[in-house]
Every structure is written in structure tokens, then in C-alpha cells.
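Participant: These protein sequence lines map, in sequence, to chains E and A. If you count by our numbering, then the first sequence holds residues 1 to 355, one letter each, in order. If you count by our numbering, then the second sequence holds residues 356 to 710, one letter each, in order.
Quick caveat, the hints were computed from the structure, so don't treat them as lab data. Wrong hints could be hidden among the right ones.
[Said to hold, decoys possible] One side only, chain E facing chain A, incomplete, derived with CB under 7 Å: (1) L25; (2) N308; (3) V311; (4) V312; (5) E314; (6) D326; (7) I327; (8) I330; (9) C331; (10) V355.
C-beta atoms are modelled at their ideal positions from N, C-alpha and C, and glycine is treated no differently.
Number of protein chains: 2
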Amino acid sequence: MAGGVGSRFWPMSRSVHPKQFIDVLGIGKSLLQQTYERYANHICPPENILVVTHASYKDLVKKQLPNIPDENIICEPLRKNTAPCVAYASYKIAKKDPKAMVVVAPSDHLILKNTTFEKAIKACFEKAASEDCLLTIGIRPMRPDTGYGYIQYNESSAKEKDKRIKKVKTFTEKPDLEMAKFFLQSGDFLWNSGIFVWSIASIIKAMEKYMPEEAALFRDGIDSYNTPKEQQYIEKVYEQCKNISIDYGVMEKADNVYVRSSAIGWSDLGTWGSLYQHMEKDKDMNAVVGKNVMLYQSKGCIVHVPKNKLVVMEGLEDYIVVESEDILLICKKQDEQQIRNFVNEVKARKGEKFV
Amino acid sequence: MAGGVGSRFWPMSRSVHPKQFIDVLGIGKSLLQQTYERYANHICPPENILVVTHASYKDLVKKQLPNIPDENIICEPLRKNTAPCVAYASYKIAKKDPKAMVVVAPSDHLILKNTTFEKAIKACFEKAASEDCLLTIGIRPMRPDTGYGYIQYNESSAKEKDKRIKKVKTFTEKPDLEMAKFFLQSGDFLWNSGIFVWSIASIIKAMEKYMPEEAALFRDGIDSYNTPKEQQYIEKVYEQCKNISIDYGVMEKADNVYVRSSAIGWSDLGTWGSLYQHMEKDKDMNAVVGKNVMLYQSKGCIVHVPKNKLVVMEGLEDYIVVESEDILLICKKQDEQQIRNFVNEVKARKGEKFV
Numbered sequence: 001m002a003g004g005v006g007s008r009f010w011p012m013s014r015s016v017h018p019k020q021f022i023d024v025l026g027i028g029k030s031l032l033q034q035t036y037e038r039y040a041n042h043i044c045p046p047e048n049i050l051v052v053t054h055a056s057y058k059d060l061v062k063k064q065l066p067n068i069p070d071e072n073i074i075c076e077p078l079r080k081n082t083a084p085c086v087a088y089a090s091y092k093i094a095k096k097d098p099k100a101m102v103v104v105a106p107s108d109h110l111i112l113k114n115t116t117f118e119k120a121i122k123a124c125f126e127k128a129a130s131e132d133c134l135l136t137i138g139i140r141p142m143r144p145d146t147g148y149g150y151i152q153y154n155e156s157s158a159k160e161k162d163k164r165i166k167k168v169k170t171f172t173e174k175p176d177l178e179m180a181k182f183f184l185q186s187g188d189f190l191w192n193s194g195i196f197v198w199s200i201a202s203i204i205k206a207m208e209k210y211m212p213e214e215a216a217l218f219r220d221g222i223d224s225y226n227t228p229k230e231q232q233y234i235e236k237v238y239e240q241c242k243n244i245s246i247d248y249g250v251m252e253k254a255d256n257v258y259v260r261s262s263a264i265g266w267s268d269l270g271t272w273g274s275l276y277q278h279m280e281k282d283k284d285m286n287a288v289v290g291k292n293v294m295l296y297q298s299k300g301c302i303v304h305v306p307k308n309k310l311v312v313m314e315g316l317e318d319y320i321v322v323e324s325e326d327i328l329l330i331c332k333k334q335d336e337q338q339i340r341n342f343v344n345e346v347k348a349r350k351g352e353k354f355v
Numbered sequence: 356m357a358g359g360v361g362s363r364f365w366p367m368s369r370s371v372h373p374k375q376f377i378d379v380l381g382i383g384k385s386l387l388q389q390t391y392e393r394y395a396n397h398i399c400p401p402e403n404i405l406v407v408t409h410a411s412y413k414d415l416v417k418k419q420l421p422n423i424p425d426e427n428i429i430c431e432p433l434r435k436n437t438a439p440c441v442a443y444a445s446y447k448i449a450k451k452d453p454k455a456m457v458v459v460a461p462s463d464h465l466i467l468k469n470t471t472f473e474k475a476i477k478a479c480f481e482k483a484a485s486e487d488c489l490l491t492i493g494i495r496p497m498r499p500d501t502g503y504g505y506i507q508y509n510e511s512s513a514k515e516k517d518k519r520i521k522k523v524k525t526f527t528e529k530p531d532l533e534m535a536k537f538f539l540q541s542g543d544f545l546w547n548s549g550i551f552v553w554s555i556a557s558i559i560k561a562m563e564k565y566m567p568e569e570a571a572l573f574r575d576g577i578d579s580y581n582t583p584k585e586q587q588y589i590e591k592v593y594e595q596c597k598n599i600s601i602d603y604g605v606m607e608k609a610d611n612v613y614v615r616s617s618a619i620g621w622s623d624l625g626t627w628g629s630l631y632q633h634m635e636k637d638k639d640m641n642a643v644v645g646k647n648v649m650l651y652q653s654k655g656c657i658v659h660v661p662k663n664k665l666v667v668m669e670g671l672e673d674y675i676v677v678e679s680e681d682i683l684l685i686c687k688k689q690d691e692q693q694i695r696n697f698v699n700e701v702k703a704r705k706g707e708k709f710v
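Here chain E stands alone, though its shape is the one from the complex (with noise of 0.2 Å):
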């Protein structure tokens, strides 16, 4: 899945360039190009996965991943957040091979320790092949977040092979911090890291189960698919479906899905924090990307500016520094929550062009 919008890191990420397609770590890859190689390396063949993205970003997909053939991207007309995603990619495989194994993946999450990744990714593949289920991972919560989805978990029963799937007890989105803290000292939650893994067989069982109209739309296309007629189809159908997550359209509501608790070294690189956490930082603890700047008295910074700008900074703490483009933002590091309201006053005094 690579459609979104990412506005949370403007101006680096924008419309026009969103953060899957940015080299947010400054290590010389896209957060998507990283994701794809992640699955092509050891988890599927290459020509087996699917990008689903904005038909706005066709051609950012194909210049960062110049080896993926173009029926295997998937252009969405309007984004209505991940449920039709889902759903037009599987009744699309489905055509193709009904008895497919998926994975679906958020394509601009850092997942640091690969080898894990993909013992916990076959793990889950295995339960799903072996019995009806819809198994996400989960990740072990670190602090008391109320930008993510809980998950609670019953123990692991007796007869589960890999011990640490669980059958999944309750999910809830975005909780207060007072619950939130809760669910950390409680030690049976764990994050929803909107990894998912199901047999193509199950995950349009339950979408037809619950939510039927959404999954008939879909089903209703499949004559079109891989065909010439299957764009006109689709513009259709994404101005008719509901604007939903997969998570609230089927997680929360079936009854057979598992979490598989992964130490995977996952962050969402949701917030400049997380961001300025996992990239190299120098001796004053300043996180660069950038191939000129030059900094002087100045300490735990963020600058991320393009290639060829000279920066030159003196005395700055804590401060995010960035350039994309026709856009400079500098913020204190402890204010990034109010760039929203930035992005929001550009919007209505400068326009859509900015954003």
C-alpha cells in the first residue's frame, strides 16, 4: 500500500511526494524501495508483488522501482483509505489465483531487523495456510502512545505451533492516554503494526461477511479485471465504496483473527521524534540528510534539505530544519505537533499548491 499523503512530515513529505517516496533516513532509499526489497529479497518473488498507490503516483512507483512490471501497479482513483484497497487488490489476485497467500503492508514504516521479519511473516503464513484466519502483527508497545491500535491477546493456546500467535481478544484504535497506560502496564496489548497475513481464500470470506456491500462492489468487477474494461470499472466503484479502514471493516469485527508478536524492530516513523530516533545523528546529536550542511553551535537537530543545498546553521537546539523545494519549515523539535496547523494555515492562505 503506498497511496497516502503523509502530511505529518510537511514539507518534506507532500502531495506531490509523499513520505513513502522520500528518503526520510537519508541511507540512500525510499521507505518504499526499502519495503519492496524487504518482500523481493526472501519473502516472495518479485514479479509477485503488488503496489497499490494513487493513480497520482504511477510514475513515482515505476522510477523507484524501475523493475516492476506495470500491471503489478495498482492505481486507485480517489483514496478511500484501506479497505477498498484491500478489497480490489484481492478480488484481483483471486482471478488470478485463488489460492494465493498475502501479505499487506504499509509501505512507509521502518522495519529494522529483517531476519526476523521474515521468520515472523512465515510463521503467519503457515497458520494461514493451514487453517480459515486473518493474522496481523503485533509489536510489543514501548510507551503509552495514543496515535496507534491496541491489540489484546488471549495466552497462546496449547496447540499453536509457534507460541507466539495469539488469538486475538479485542482491538482498539487510538485509546487516551489514560488507557493507553493501562494497556502498557498490562502487558497483554500489543500495537497493530497494519501488517496483515491471510490466505486470499479467507480475507474475501470475511470482507463478504462483514462488510458485504463494500466486498459486492468488488466481487461484482471481476469479469473486468486484468482486462481492458477494469479502469472504467474501478472509477466507478471507488466513487460508490465507503471511505474505511480494513481494520475497522473486518479486524475488529471477525472472530478468527491472531497477532503474531514480532520484535521486528518496527517504527512508523509517525512523528519527527520517531524519525530523529532512528537516524545517525553526529557528535551533537544533529540527524542530517543532506550532503551540505555546515553547523556550528548547534545541538539535537533535524535538518533534512535537498542534495545540492548549501545550509549553513548556527546556534540551534532542538530545532527541525527543512527544505523541499519551494518550502523552508524551522520548528522547535518540541512544537512538531503544531506543523498540522501550519500545513492547515498554508492551505488556506497560499493555496493547495503548497501542500
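Let chain E serve as the given structure and place chain A on it in line with the hints.
Facilitator: Frame of chain E, contents of chain A only:
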């Protein structure tokens, strides 16, 4: 005179477009354009204005002063300070009109009181036309600045028609702080504005007396001036002539020098501090040049960015934020003297193209 490189205002001012060509105050006109208008409007016919500049700025001058004839742009092949500049222009003028009266002026200063300025120049013209003398415009010092030249004067003689015109006793270039404080307190010192008035006969006479070798170099070319042979001659002469200022070469040595104390609202805009003082400020005392600058919780900053750049700044107090093409500088206002070191380090590490 419009040939300087203005490195103190890097990166706003750079060797490819120095300070005199920049609208530093954000009022819609560069300092050169303001200087041109100051003279063209009331002091002399526009066709009598000569711009002496470095050869590499010829196109910039033509662009900014489209009405000026090509032959009025005098190009120096090398930078050799003000004495060669004055000598070259003076002999060229003398060939055309040996009776000419001349004002020599920098093009990167601010003069706020144009009416007072015109009065001052006209009083100097009158004096310079009536006797063999050299005049400079003096400014009442406002602080013990160690960056200026100081002029000590004798009280105005009884026969002086304009009581503001006084005989010069001594010149002191860039005194130390203690001496500058003494000059300020004593009350009989003025800052040298670098604006000179004289007849072409008097300056040539003085140059031939006090810097005879340099004067001879330029005098010997008189046959080639205003002919196709001029450029070749001048290139040879600039290779040979010394790098000296007209102050050092003539003014400090001559015994017929006068200063006219004039309250013309002068500033050489030589530091960010002096620039800030003359810029329009918002309610939080931010001085902004740029069309798309949005400030939050920011005070006392100087922001100078291109028109098309959107800047969002939060939580900065007393900073200089300057962007110019491929360079961004962020620096505490109080540390502006460090900018010179930054420029040197940029030059050493990244090469000439960034300075």
C-alpha cells in the same frame, strides 16, 4: 562605484550578485537603483551618470539601469580598490569635459533624506567650483564604530559661505574601540561617508601630486579613452596598478580637503544589525523580505528569502534567516560577525561556487 563583492551579507550578497544589486530592504529597488535615482532626479542629467563596475557585472548593471547608455558603464577588469577606479573615470571624464564637476559615490549605501542630501551636494559643488579643493560628506557619528574612517575637522572659517563646510585636519581609518570612543566624545570628528565632490581638474591635480605613478598609468591612456583601443589599454594598466583606496592615495595626504557635515540619514548598511535597523518590522519586531513568510512565536528576526519561497518559522528569537538560490543561512543575530568565518570555511570546503 558598483564593483564591490559585499561578502558581509553572504548568502544574500554573493560574488555573482553583490549587495549593490540587491533589494536588501525589500522596497522594490536595489541599492544601485536607489543610488541612480538619487542623482538622476535632482543632481545631474541622467546621461552624465557613469557606473564603474567589475566587468562581470556589466549585464547586471544594464538590467537594473536599462536607461543607462552602454558607454556609461565603465568596466574594470580587476578589483583594485577605489583609487584606480577614480583615476580611470576621472581621465575619461577629463577627456570629454575638462571643466566637469564630479560626485563620486558608493552604490551600496542608504541615504534616507534625499532633499538634505541634494542640498549638501550642491553646497559642495559650489565650493569645489570656486576653489581648488576636495570635499567629502561627513556624518555625525552615532556610536564608537571601529569599522569606519574618522575625519577630524577645524572649526569653519569665518569666510566660509556654508558653515557646515569645515577644513579637514586628520583622517583616521578604522580606529580601535578606545580611540573611537574618544572621537565620539570629542565632538570634532565625523564619519567619512565615502561620497566625494570635486572638480575634475582638482582631483587630477591631487592624484598627480600624491599618487603620481598610478596617475601616470591612467593619464598615459588618454588617447585611447572613448575609442576601441580603450579596453586593451585598461586591461594592461589594471595589471600594473596598485590596490589602494582614494582615501589613502589622496585624501589623507592632500592639504586642501574639506568635509561637509550633513545629516542625510546615511547608513552604509554594513552589518545585518544596521540593515535590520532600517527595515520595516512587524509587531513582533521581525524584519521580513519575502512574499510568503509565515512566522509563529518568533521575534526580532531578519528574514530575507526569494519571493517564491514559502517559509514557515516557529520559535525563533533574534535570528538571521537568509536564503539565496542554493544556500540557506540560519544564524543568531548576535553572532553575525561569525558569518565571515562561515564564508571562508564554505570556500575552503565546498569551493568558490558557493561564495
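Participant: What are the numbers of the hints the structure violates, in ascending order?
Facilitator: 1 and 10
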